[in-house]
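If you read the sequences in order, they're chains A and B. Going by the numbering used here, the letters in the first sequence line up with residues 1 to 373, in that order. Going by the numbering used here, the letters in the second sequence line up with residues 374 to 497, in that order.
Derived by calculation from the structure, the hints in this document are not laboratory data. Worth double-checking, as some hints may not be accurate.
Okay, the calculated beta carbon distance ranges per label pair [stated by the list, open to error]:
| # | chain 1 | residue 1 | chain 2 | residue 2 | range |
| --- | --- | --- | --- | --- | --- |
| 1 | A | T161 | B | A417 | 57 to 63 Å |
| 2 | A | Q353 | B | E436 | 16 to 22 Å |
| 3 | B | G416 | A | K280 | 56 to 62 Å |
| 4 | B | H462 | A | E301 | 29 to 35 Å |
| 5 | A | P135 | B | K402 | 51 to 57 Å |
| 6 | B | K402 | A | G326 | 18 to 24 Å |
| 7 | A | E337 | B | K402 | 43 to 49 Å |
| 8 | B | E436 | A | N283 | 39 to 45 Å |
| 9 | A | H88 | B | S465 | 54 to 60 Å |
| 10 | A | A340 | B | S465 | 42 to 48 Å |
Here a beta-carbon is modelled for each residue, glycine too, at the ideal position from N, C-alpha and C.
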Amino acid sequence: MTVDHPPLLKTPLFALHGELGGKMVPFAGYLMPVQYPLGVLGEHNHTRTSAGLFDVSHMGQLVISGAGADRWLESLLPGNIIGLGIGHIRYSMFTSEQGGILDDLMITKRDNDLFLVVNAACKTQDIAHLHAHLPADVTLTELDERALVALQGPKAAGVLTRFAPGVENMDFMTYAEMPVCGADCFISRSGYTGEDGYEISIPQDKAEKVCRTLLGEEEVAAIGLGARDSLRLEAGLCLYGHDLTTETTPVEASLLWAIGKRRRAEGGFPGDRIILDQIKTKNYQKKRVGILPEGRAPAREGTGIFAADGTEIGSVTSGGYGPTLGGPVAMGYVKPEFAAIDTEVFLSVRGKQLPARVAKMPFVPNHYYRKKS
Amino acid sequence: MTTYYSEEHEWITIDGETGTVGITDYAQKALGDIVFVEVPEIGADFAKGDEIAVVESVKAASEIYAPVGGTVTAVNEALEEDPAMVNSHAESDGWFYKVKIADAGEVSNLMDADGYKEFIAGLE
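Next comes chain B alone, as it looks inside the complex (with noise of 0.2 Å):
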């Protein structure tokens, strides 16, 4: 499994024609206290790029985007009850959404952890 990263701040593992999406922990430092997450519904199609899911902050609702596109088979219910564990553990238990990739060839533009690394350095 690997995981690779957007310049919107998503990350996705990918494990065989699935990938499991969630925000960064730069993303959700960014955001702050994470108190509401609308994840997409099963079965949902979209493309890359679409807005997949919303955070609500205490301050601002912020847009999540689809890294890739394909079919969601699995939300992440948890977050319902908890949405703070974007916070405590964006990068794991925090995960938003899972997807039946559509296209392999979409992940080829996302960064790696280490491009990723150097991309957010730049923002700083």
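Just chain A, same shape as in the assembly (with noise of 0.2 Å):
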């Protein structure tokens, strides 16, 4: 019997992926590397030392403009939109009526409209729940001719300014529009990995020059979505479709630093009733945590989380190895008077009781270029 599938998608950036020896998985609908022969190891500890580029041309990237673009977005998710200063980015997330996480995403407001950067599991979803809603005066535009490449690690910064100089002068969470080799990019000053660096949108036409020219500079190497997880795990980041689900409040996912003061008092998004009464009562049933296991078994998602009495008390969303911690590293969900730092917890993993901690994230410290005010 076979099944019918649809034919998997390529980025800009494939014939390059296979000229460094990628080798290709199938993700979200597209052919990606997972990795480079260096390998997941190497790459994640390059990326951590140096400067890794990562082609993440599947995700998303959506214009929204018009008069009402800002107060609509805020109708679709808690961030504080309007009070968002041109050139700067936000972290947010869509909700649904009932307070789940339809996908989380970034914001940035720019001169006359606003980009935005989502998940490439769920573009298709988002791209319908917004066309859903979309106001006569919003207009939504899918930039599906550029790709996307993320510049990560502590030596980025220095090597980007070589092809763009003044990069390395914006903040965190910053935004410009710039010409890097002849191509009119987008630069922000973000990332999935704990580290310093940028987010590169480039017209698909020159995406492949770029970057056979950043990847010619010898801090630079080619990363593939095997050291991204490890990396942003790390880092304590959320991936959607396992830490973030439409089963998970922004309040039990812990990312309430990322609903604006003025959300949290007016409401106004989705699930907003649901997700306010979480704030205030804080009675909810599961908090994200991270989670560290004591000995060296990594506990995969999926993992049972125990109390010391032997009760389930949640499970694990993401784990596995971080190299850069040179342990096990995970996170999930437990029941929130379980969630407290160095809360004793035991892992179920292949029929054995592994002992763990509830511990602090990012797992280690991250590296975000903030200026000094």
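Reassemble the complex: the two chains are provided individually, in unrelated frames, and hints are given to aid placement.
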């Protein structure tokens, strides 16, 4: 029996991945490099010590424009968009009427519009969701002719400034438009590794040239999805579909910091009643926490979390080995009474109850670039 | 001493009644960077094909199946501190456990070095 799958999509950097020896795997409908010959461990360490280049062109790039854009977008998410300054970026999440998370995303306020980056696996449903609520005075455009890459690591700024002078002075979570090797790029000082770095949106016909130029610098190596996952996990960052789902609210997901003060007071986003009630009463059943296993065995997604008395109190939503930490690392949801840092818990791995403790995230310190004020 | 290979990419070196078991160089390459090895307990009895150990790479966990049945007589304690030894020395210092073989006849179902070489050539 054969099952019909839609053909896998290729990013504008597909040929380059092949040339670099990338091991291609299906991911969110795309063929993406999970690793290169350097290997996941080597790629992870390279990003932490030098600079890594990631192809994230599978992610959705959208623009929302029109006089009512800010106010309208606030009706779909709990972030403060009206108060966001031009050239600044905010992390937020689309919520459902039940308070669950439909997707998490980055929003940049530009001179005349809003630039959104959404998850690859959610982009079709996000676009449908936005269209379903789109008022007459707002326009939604999908930038499907642009590639997106991330340059991450302590040497990212030093490298990129050679081709885009000035980027070294950009603050964390700010945005600028400037040419890189003749390509009109959107540059964000942001990322998904916990390191300093940039996300660069490039017209697709120039993407390969820009990437070849960056990879030509001795500090830069191509990094696959495998290391992207271990880097973000050590940084305590959520992966949609695993750590965040329609069954988790922003409060349960420990993302309260992403809900603006005014938004908490006023509401006006899907699921506001449930979410604001959770903030006020602290009455909810689970909370996202970091977990450090005491031994060396990694606890993977789906591993049960137990209290000392043997009661099941939650489960791991992301787990693996943290190369920088040199040991296993995980995050998951536990009952709120077990969410305090240093709480002893047990992980059920292959029939054994392995001791672990609730730990502060990020697991490795982040190195975002923040200007001294 | 002769070394035999299974289709699940384990090797076993036979020395009289005892065999030393590990995974092949082909297997470690396919798994990638190994970060944890769970070896069996000394004294454990198991049958051919039983899940006997677990290897965790940066990406995923993989079960290791016993190439022959028997009783575990020793385990490689060094893998606890240095699991990457399986990557660097898969078919020597990166051994997993020693087994007192229950039925020598089971060895005859395994491949010799040439047979295994041919087997993996067919996988590529």
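Tested hints:
| no. | hint | verdict |
| --- | --- | --- |
| 1 | T161/A to A417/B: 57 to 63 Å | holds (59 Å) |
| 2 | Q353/A to E436/B: 16 to 22 Å | holds (20 Å) |
| 3 | G416/B to K280/A: 56 to 62 Å | holds (57 Å) |
| 4 | H462/B to E301/A: 29 to 35 Å | holds (31 Å) |
| 5 | P135/A to K402/B: 51 to 57 Å | holds (56 Å) |
| 6 | K402/B to G326/A: 18 to 24 Å | holds (23 Å) |
| 7 | E337/A to K402/B: 43 to 49 Å | holds (46 Å) |
| 8 | E436/B to N283/A: 39 to 45 Å | holds (42 Å) |
| 9 | H88/A to S465/B: 54 to 60 Å | holds (57 Å) |
| 10 | A340/A to S465/B: 42 to 48 Å | holds (47 Å) |
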